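To get the working numbering, take the position in the sequence shown, counting from 1, and add 1.
Be careful, since some hints might not be right.
Cβ-Cβ distance ranges computed for the label pairs, FRET-style [claimed, not checked]:
hint	residue 1	residue 2	range
1	162	35	29 to 39 Å
2	214	118	29 to 39 Å
3	63	88	14 to 24 Å
Since the hints were derived computationally from the structure, they do not count as laboratory data.
All of these numbers come straight from a predicted model, not from anything done at the bench.
Glycine included, each C-beta is placed from N, C-alpha and C at the ideal position.
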Amino acid sequence: MQLTHLGHACLLVEEGGQRILVDPGSFSDLDGLRGLTAVVVTHQHPDHLDPRRGPDLLRANPDARVLVEAQTADLLVREGLEGRVERLEPGGQVDLDPVLVRPVGEQHAVIHPWVERIGNTGVVLEAEGAPVLFHPGDALDAEPGPVDVLAVPVNAPWGKVAETLQFVRRIAPRQGVVPIHDGLLNDTGRSMYLGHVADFGADGGVEVLDLRGAGATTLGR
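Build out the structure end to end from the sequences listed, making use of the hints.
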């Protein structure tokens, strides 16, 4: 499996001929993305689906399946993409041979009492012989089952480092974590967050697979 961090919450997952883009948001580098076979969106916030560039990205990849959280689907229908939108249903699965996409989770994390909670559906991506990857979107309460690599949000208006560490410890990824949701941090602050995750994400620490600026990175199982 090849994994590319395109900024903030956006990951490009490549496996077995599939090119799956997850959460193409406003903080992410979306220029020139072509040949996508699927676009996955965990929820409707602009940092996960850029309202300006997102629809154009989908139109530039006409063969890509569009797999999105249910409320997000309604937004894309209003953009004239109703014929392509497929709603992610927690408990179901989507076969992108050889990659299986399993949607998990239903609600965005609580930001504060004055912001209404919206839907959020994370995804588990798995293929035979490849590491199992979990991208949670913006929630820390889903139950993805055993995973090898966890995409972990490191900073957000809804985030608290103690809850992040509890999340990493609960999921206990077998190979390590990939930092995401870092678009609001400067380099010094980001290093501090990654240090907390590395040192305290498991007893004895957890491996942090920092892919920022690394390009396509091969992850083995």
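Can you let me know if the beta-carbon spacing of residue 162 and residue 35 is within 29 to 39 Å?
-> At roughly 37 Å between Cβ atoms, residue 35 and residue 162 fall inside 29 to 39 Å, so the hint holds.
Does the Cβ pair residue 214, residue 118 satisfy 29 to 39 Å?
-> At 33 Å between Cβs, range holds.
Given a hinted range of 14 to 24 Å, is it respected by the beta-carbon distance of residue 63 and residue 88?
-> Given a distance of about 20 Å, which is inside 14 to 24 Å, the answer is holds.
Violated hints for the displayed structure: none, as all numbered hints are satisfied.
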